[in-house]
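Could you build all of it, start to finish, from the sequences and the hints given here?
There are 2 protein chains.
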Amino acid sequence: MKLQLDCLPCFLRQILEATRKVTNSIEIQEKIIEDAIEIIKNYKKYKTPPELAREIHGLVKLYTNNPDPYKDIKKQSIKTAKNLYNFLKGFLNQQKDKLYWALKISAIGNVLDYGVYSQVELEKNIEKELKKDFALCDLKDFKKLLEKAKKILIIGDNAGETVFDKILLEELKVNEKFYAVKETPIINDATLEDAYDSGLHECSRIISTGCSLPGIDFKECSQEFLEIFNKADIIISKGQGNYESLSEIKKDNIFFLLKIKCPVIAQHIGIDTNNYVFKKQG
Amino acid sequence: MKLQLDCLPCFLRQILEATRKVTNSIEIQEKIIEDAIEIIKNYKKYKTPPELAREIHGLVKLYTNNPDPYKDIKKQSIKTAKNLYNFLKGFLNQQKDKLYWALKISAIGNVLDYGVYSQVELEKNIEKELKKDFALCDLKDFKKLLEKAKKILIIGDNAGETVFDKILLEELKVNEKFYAVKETPIINDATLEDAYDSGLHECSRIISTGCSLPGIDFKECSQEFLEIFNKADIIISKGQGNYESLSEIKKDNIFFLLKIKCPVIAQHIGIDTNNYVFKKQG
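These protein sequences, in sequence, are chains A and B. Residue numbers for the first sequence follow the working numbering, so the first one is 34 and each next one is one higher. Residue numbers for the second sequence follow the working numbering, so the first one is 34 and each next one is one higher.
Take the hints with a grain of salt, since some may be wrong.
Pairs count within a copy or across copies, as identical chains cannot be separated in the list.
Said to hold, decoys possible - Pairs of lysine to aspartate or glutamate, DMTMM-like flavour, derived with a Cα cap of 25 Å: (1) Lys-131 with Glu-281; (2) Lys-157 with Glu-235; (3) Lys-64 with Glu-154; (4) Lys-77 with Asp-39; (5) Lys-35 with Glu-60; (6) Lys-35 with Glu-63; (7) Lys-181 with Glu-235; (8) Lys-122 with Asp-146; (9) Lys-74 with Glu-88; (10) Lys-80 with Glu-180; (11) Lys-77 with Glu-60; (12) Lys-104 with Asp-146; (13) Lys-80 with Glu-60; (14) Lys-115 with Glu-204; (15) Lys-313 with Glu-60; (16) Lys-77 with Glu-63; (17) Lys-78 with Glu-60; (18) Lys-54 with Asp-305; (19) Lys-108 with Glu-156.
Simulated from the structure, these hints should not be mistaken for lab results. Note that the structure is a prediction, hence the values are computed from the model and not measured.
Below you can see the structure in the form of structure tokens.
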């Protein structure tokens with residue numbers, strides 16, 4: 034998905050919020066916003082939103098002198114999600130179509146963005162979200178491919194969401210299961226450490242995409258990731274950043290699993306914001 | 034009120050929306066956003082949000098070669114509001130404390146921002162909004178000053194809202210009533226033409242502030258406005274732009290009448306967004 038003009042004010046707002054999460058220094062906040070303005074000035078350089086996001090969020094690392102400014106937020110999100118694991122498993126075991134609801138649980142994990150929820154808030158929120166059906170769900174196509182699938186790859190998004198994805202992985206009866214995460218910390222996206230911390234190694238092989246942006250850039254991907262990406266029978270791409278990176282790729286075994294939070298993506302998919310989708314590419 | 038970092042992404046979003054209202058040309062949209070980014074880069078030059086707003090919205094005039102790009106939107110808003118006049122008067126006549134509800138009607142006019150409502154939508158919306166009380170209302174102080182007031186000045190905001198203000202003016206039993214508007218068109222703010230079109234000359238003397246920004250800049254004000262401003266027993270300042278310009282002025286006869294639409298103003302006043310306030314200065 035191409036970068037839109039709408040992304041520019043949104044990135045500026047995001048980086049201001051992000052900066053305030055990690056520093057109270059007005060001086061640093063000003064420096065970051067000023068540099069961010071310089072970056073968005075050259076918006077035509079960036080093909081997709083995640084490419085611009087990497088540059089802008091890099092400023093937080095630079096000015097706070099911290100290679101992983103969201104470390105604590107990520108740890109808290111994983112902890113909160115792990116505390117919900119049994120509750121979610123219990124809910125899932127009561128459902129008739131377990132695959133549908135496992136996908137839904139994984140999609141709901143997407144609300145863990147920025148780890149802003151307390152345990153109580155998240156639990157309350159999740160019960161409400163669990164009642165909502167997908168606004169778009171290509172389950173039939175997925176089940177058809179799944180029957181013969183030997184290799185499945187999930188491309189992860191945020192830390193915390195990873196625990197919800199574990200529940201999905203546990204429902205997938207496939208020989209080889211891979212879970213891909215970011216090579217280096219970027220915003221609150223899951224890294225190898227976060228994936229292990231979430232227990233994903235118990236039900237899949239954790240790999241790195243090789244990328245350091247909140248999405249996928251094929252020029253950056255590791256050889257290992259590319260091989261798995263190319264050989265997988267099914268790929269599940271989680272969240273908005275991965276959607277923005279992969280939505281134009283011609284590959285009919287990719288399924289996008291996300292909560293739509295942004296009007297530009299909503300328009301691209303043709304489904305309103307705040308809805309959940311499980312969408313087959315093409 | 035000082036310009037905040039939060040204003041920068043917000044202005045960029047606003048100008049993109051505004052540009053799209055008046056032109057479909059992607060090329061012009063890009064040029065305007067690029068120039069707007071240049072302007073917000075120098076945000077420290079601007080003391081208040083309206084000063085920056087003038088620069089940014091000036092770009093729409095420049096690139097569309099149109100000194101009044103919101104002319105049609107303003108005309109439509111006034112027409113829609115005039116069609117509601119009898120309904121609003123009818124509502125007002127059923128109320129016990131007519132002054133309170135006349136102030137409330139004037140505040141509700143503030144939802145006419147950008148004239149995005151159709152007649153039907155506005156009517157539906159207004160019935161709902163009419164039921165909401167002010168979240169903050171310094172009516173007692175106002176009534177006290179009003180008892181002895183001879184001169185009252187309303188500083189207007191948007192075209193369309195002007196018709197709602199007329200209803201307020203008609204309830205104010207004061208010898209001399211003044212209604213101040215912008216000197217030149219800026220966004221959808223009311224000008225002399227819009228004020229006459231709204232019938233404000235029937236119940237007040239319409240004057241210009243002398244300003245061409247969506248608020249007040251004392252360096253720009255006409256002598257006539259300054260004299261009335263200084264001699265008025267009561268000043269009612271409508272909307273956010275005027276609040277941003279006047280909230281630091283030491284003058285205890287100013288009352289701010291607005292709907293809070295922005296989180297920065299919400300924090301400054303200490304009342305959440307989407308609420309109505311009628312607040313005495315100081």
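Going through the hints against the structure:
Taking the closest pair of Cα atoms, Lys-131 and Glu-281 never come within 25 Å of each other, the shortest separation being 30 Å inside a single copy and 60 Å across copies. For the homomeric pair Lys-157 and Glu-235, neither the shortest alpha-carbon distance inside one copy (28 Å) nor that between copies (56 Å) is at most 25 Å. Taking the shortest alpha-carbon separations for Lys-64 and Glu-154, neither the intra-copy value of 33 Å nor the inter-copy value of 43 Å comes in at or below 25 Å. For the homomeric pair Lys-77 and Asp-39, the shortest alpha-carbon distances inside one copy (13 Å) and between copies (24 Å) are both at most 25 Å.
Proximity of Lys-35 and Glu-60 under a CA criterion of 25 Å is satisfied inter-copy only: 16 Å between copies versus 33 Å inside one chain copy. For the homomeric pair Lys-35 and Glu-63, the shortest alpha-carbon distance between copies (15 Å) is at most 25 Å, but the shortest distance inside one copy (28 Å) is not. In this assembly of identical chains, the alpha carbons of Lys-181 and Glu-235 lie at most 25 Å apart only when taken from the same copy (23 Å versus 79 Å across copies). Proximity of Lys-122 to Asp-146 under the C-alpha cut-off of 25 Å is restricted to the intra-copy arrangement: shortest distance 21 Å within a copy versus 48 Å between copies.
Proximity of Lys-74 to Glu-88 under the C-alpha cut-off of 25 Å is found in both arrangements, the shortest distances being 12 Å within a copy and 17 Å between copies. For a Cα distance limit of 25 Å, the shortest separation of Lys-80 from Glu-180 qualifies neither inside one copy, at 36 Å, nor across copies, at 64 Å. When the C-alpha separation of Lys-77 and Glu-60 is checked against a cutoff of 25 Å, the pair qualifies only between copies, where the shortest distance is 13 Å, while the shortest distance within a copy is 28 Å. Taking the closest pair of Cα atoms, Lys-104 and Asp-146 come within 25 Å of each other only inside a single copy of the chain (13 Å); across copies the shortest separation is 42 Å, beyond that limit.
Within a single copy, Lys-80 and Glu-60 get their C-alpha atoms only as close as 31 Å, which misses the 25 Å cut-off; across copies the closest is 18 Å, which meets it. Taking the shortest Cα distances, Lys-115 and Glu-204 sit within 25 Å of each other inside one copy (17 Å), while across copies they are farther apart (62 Å). Within a single copy, Lys-313 and Glu-60 get their C-alpha atoms no closer than 46 Å, and across copies no closer than 33 Å, so neither meets the 25 Å cut-off. Taking the shortest Cα distances, Lys-77 and Glu-63 sit within 25 Å of each other both inside one copy (24 Å) and across copies (10 Å).
Taking the shortest Cα distances, Lys-78 and Glu-60 sit within 25 Å of each other only across copies (17 Å), while inside one copy they are farther apart (28 Å). In this assembly of identical chains, the alpha carbons of Lys-54 and Asp-305 lie at most 25 Å apart only when taken from different copies (21 Å versus 28 Å within one copy). In the homo-oligomer, the alpha carbons of Lys-108 and Glu-156 lie at most 25 Å apart inside one protomer (17 Å), although the nearest pairing across protomers, at 49 Å, exceeds that limit.
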